[in-house]
Amino acid sequence: MSLNAPVVAEAAPVRVAGSYRRMASLFFANRLAVTGLVILAVLLLFCFLGPLIHHTDQTHTNLTGATLAPGTQGHLLGTDDVGHDVLGRLMIGGQTSLEIGIAAGLLATLIGTIWGAVSGYAGGWVDAVMMRVVDAGIAIPALFLLLVTATILRPTVPVQILIIGCVSWLVPARLVRAEALSLRSRDYVQAMKAMGGSHHRAVLRHIIPNAIGTVVVNATFQVADAILLIAYVSFLGLGVPPPKTDWGGMLSKGISYTYDGYWWLIFPAGIAIVLVVCAFNAIGDGLRDSFEVRLEGR
Amino acid sequence: MTRFLAKRFGQAVVVIFFVTVIVFLLLHSVPGGPAHGILGPKASPQAIAEFNRVHGFDKSLLQQYWAYLDELFHGDLGQSYTLNQSVASLIGQRIPKTLVLTGMSTLLALVIAIPLGVWQARRRKGLTDYAVTTVVFVGYATPVFFLALVLVIVFTQKLPILPAQAPQTQSIAGLFADSRALILPVLAGTFATVAAFSRYMRSAVLDNLAEDYVRTARAKGASERRVVWLHIMRNSLTPIIAMLGYYLPVLFSGALVIESVFNYPGMGLLFWNAAQTSDYPILLGAVLVIALATVIGSLLADVLQAFVDPRVRGAIK
Amino acid sequence: MSGPALEIENLAVSFGRGRDTVRAVEGVSLAVAPGEVVAVVGESGSGKSVTSLSTLGLLPPTATTTGTVRVGGVDVMTLDGPGLRAVRGAEVAMVFQEPMTALNPAFTVGWQVAEALRLHIADLSKKQALDRAAELLEMVGIRDARRRLGQFPHELSGGLRQRVVIAMAIACEPKILIADEATTALDVTVQAEILDLLRDLRARFGMAMLVITHNMGVVADIADRVVVMYQGKVVEQAPVEDLFARPKADYTKRLLAAVPRLAPAEDRTRDASAEEALALENLTVEFRGGVRAVDDLSLTIAQGEILGLVGESGSGKSTVGRVAIGLLKPTSGTVRLLGEPLTGAKGRALRRLRRRCGIVFQDPASSLDPRMTVGDCVAEPLVINGVGDRTDRVVALLESVELDPAVRRRHPHELSGGQRQRVGIARALALDPRLVIADEPTSALDVSVQAAVLEMFLELQERLGFACLFITHDLAVVGRVSDRVAVMNAGRLVEAGPREEVLFSSREEYTRRLVTSAPVPDPVEQRRRREERHRL
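Chains as they are written, first to last, in our numbering: chain A, 1 to 298; chain B, 299 to 615; chain C, 616 to 1151.
Careful: at least some of the hints might be erroneous.
Sample of chain B residues facing chain C (criterion: CB under 7 Å; computed from the structure) [said to hold, decoys possible]:
1. Asp510
2. Tyr511
3. Thr514
4. Ala517
5. Lys518
6. Gly519
7. His529
8. Arg532
9. Asn533
10. Pro608
11. Arg609
In short, the hints are calculated from the structure, not lab data. All C-beta atoms, glycine included, are put in the ideal place defined by N, C-alpha and C.
With the rest of the complex left out, here is chain A (with noise of 0.2 Å):
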């Protein structure tokens, strides 16, 4: 489980050298994060260009061909308990799950980097007042909190967008707000403020830029922690309704048929999860390693 928590505890300095060759090379030199991108790129094609290749039936119930096993009837991974076939409900699964992932995790970086990087150069009381609210969000779970609102909202692609960006922006913030910190002390915006420059050339121009590193490595595991969240509450039942579905919604009609043997209900989406968080996890940590530069001294 990665709600959260340990992706504050690794936040390492990033400092991004000029050359963005040199980091491609370091990064596609990763074996590890390769092999994510790889993953990442063929459950794409898999989830938005399958359906035009495999033509399912995702609306419509068929009770009379509902169960059934792989192999029968020329469905792959077999039928659902209201016969939709699972090789499609896997791809427009993938469709919810990443499309509200990738959505949810960019919409959570970009307010919680606006926020720290406000915070942290602003310092004083505004960054207290500001990091204090941030500690109030952190402390409500977020599947809690997740829950709580789907109740109160009716659960739509931007809705469930939109709420887990609110509840997942906490964590971006804290870690911005640590480098704008360390940033705004640094020598050369220093430099600059005695040539004159202003508090605002100072946040666009040095401090946002060399956060950059930080921020985008953080991307991928928002968005990878997006992708999980989504999928927990669609398998606590509060997710998209049918006939749209989600992998965890996929994995929450299966935990009703586990005693029946249908692994094929419960199997395929639970691996798509875990692949694709893993891709995203593999790309996170080969940023952060091909970002990461020591100066040389001297």
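Following the hints, complete the assembly by docking chains B and C onto the known chain A.
Coordinates of chains B and C only, in the frame set by chain A:
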């Protein structure tokens, strides 16, 4: 020292204050107003009006918030309308069981993760090393419920040696009486956190390995084992405590999922059932209590760090 | 015992494999007799540290080593794990550069010194070890040793911590003590005391010592023989007086020529311009927690004059520099820049004043934004202040600091430390300032690079005629550069006056102690100064 404690305590109070604001706002964003949230969706207009008047919901938002805070101080979290009990007593019943579950899995996770993380930090390339790293990596990415389902399938169906449901008692003693039924829930919780903890340990040890004092210890003639297990571990206590503090909210989230999969009679299950039935008093009361527990927990973690780390002690003086 | 304490024969160390191999050390041979002090001197990249680490087998696993390193007759290269551990600390001991991080912050001083003993002496009870630890602490000059045993490292100053490390090193009476830049991070007065201590220990124990340093003054102070290294090879070995008087190798000659010397010289004549560039009056800067970084300081700098501000760490000199350029607000007192008040200036007036000064920072690694090109860095002041014709100006600036203008398309990390400092100077001069604050501008550079950068800086000052507040801890540099010198101690101004007067005929005790503590690169002269210092 007291200045530090006072400052930290003050911060915690501010945070709790913000939490109550958030919960209060949530209460007031329930469709139909808090009356609907508390009386239920089928309440009649008269009941609602009466309710509003009695509870002062016709007053200004600020006055309501004040009244809300007042109720909280008196330990009144409202009344559940599906279970006909006060929320406070419900939570009071359930929370010890959740603490037992999370306590046991956290302890077990620490016992496994600390040596594992240290081992990962010191690794030399090898097949076992790659295998372990992969397992940890995958464990980190696996949703708890999937893991729990797999455990259930493996241990109750394929090899039917463990019961699939947690002990269904009301008392703590009862939990331990049927201890075989505790194994799977605790195991699920442990696996989930071992991955995260060991990753953290690994980076803490790696950071320390690069420190100058390690070089000094080696130059004195200390063995590598001594350096890692005595010198580095002593310095890693503080980050571990900090990590536990950060991890509290996650632990509770995990408990929620595990309890719903295994039907474990704790806070998480209470919460989930309440989410299904839109029982807002329970939902909001639980959120508040858990947030409070988290804030207090991380305050304790900070204070503990201050006692354990001589540098923090010194800086405070 | 007979035979050398340390004997290195044909040592070669390389890192990495294949195309990326870096040869750090090649064909190095040297020997240290018992009771002898040998200094290994060189700049960064000379391989001196790698050589010393090889004696303890402390090189990283990526290193490939050939040759022999014999400690008391035993070849360290052939030893395995337990064998190496028996040698480390007991036969060879090492003291490293950074005292602030050398000790484990989680254990008491007494525990750590006792550990040094218990790792090698069997059957030593805890109490016996602690008793011996207290004795060792006293031997290294730590007063109140019993109380110190129970203290943690963070409670001790840098100098005290280094003494503790030395105590740990001599605990088992090793045959040879290696000091790798052991005094580089210390204040000059503390450095003098530590060097005295090392000399004392050598006399007492007859211990051999290998002193690694880049500071020729330290070499002149403590060494019997000197080994000069350059780019991984030994270029010259000689007894200390011979080396300084008659250097043979080209590199040695260049190195000795580049070292700034603290010696009376002709006073530079400057136009006694009455106009002030900078005036500080009753300046006090207090930080949170009641720490007074600057205490009631008054100072003036005339136009076109270079004032050298010296002090040790914690003296407040950097704080003064920052206040002078408006980066810090003083708690009380006034600052006047070129006749106009800086304190209390706001908005456009403040910006106008700021344009007329520039600042050069110490650390080449953090003074330039790693994400900007060199050209952008230099152009930034021009951009902020709306100056046109930027490209031409940037090219002109880079040329004036003796850099190829093509460098403007590169990024800071692609440049060496010396080149980065030149860029920093170019940036500071972009707006043609009347006052330049130079905060330790060459302290992080190699000796030879430092000399070149200082020369260039002085030439620019001569040509452009700006006033300069030159902040440094290095007295020789101050002597080279300044017209007038001001000395600070713990936030207060000790004295200020013409260079010759302050440096060579001061009546202030602190100044004299400071000046006599600074080692000069001349063994005979250094001995005389040492005696003078001991008399103080």
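How the hints compare with the structure:
{"no.": "1", "hint": "Asp510", "result": "4 Å, holds"}
{"no.": "2", "hint": "Tyr511", "result": "4 Å, holds"}
{"no.": "3", "hint": "Thr514", "result": "5 Å, holds"}
{"no.": "4", "hint": "Ala517", "result": "5 Å, holds"}
{"no.": "5", "hint": "Lys518", "result": "4 Å, holds"}
{"no.": "6", "hint": "Gly519", "result": "4 Å, holds"}
{"no.": "7", "hint": "His529", "result": "6 Å, holds"}
{"no.": "8", "hint": "Arg532", "result": "4 Å, holds"}
{"no.": "9", "hint": "Asn533", "result": "5 Å, holds"}
{"no.": "10", "hint": "Pro608", "result": "4 Å, holds"}
{"no.": "11", "hint": "Arg609", "result": "5 Å, holds"}
The structure shown violates none of the earlier numbered hints.
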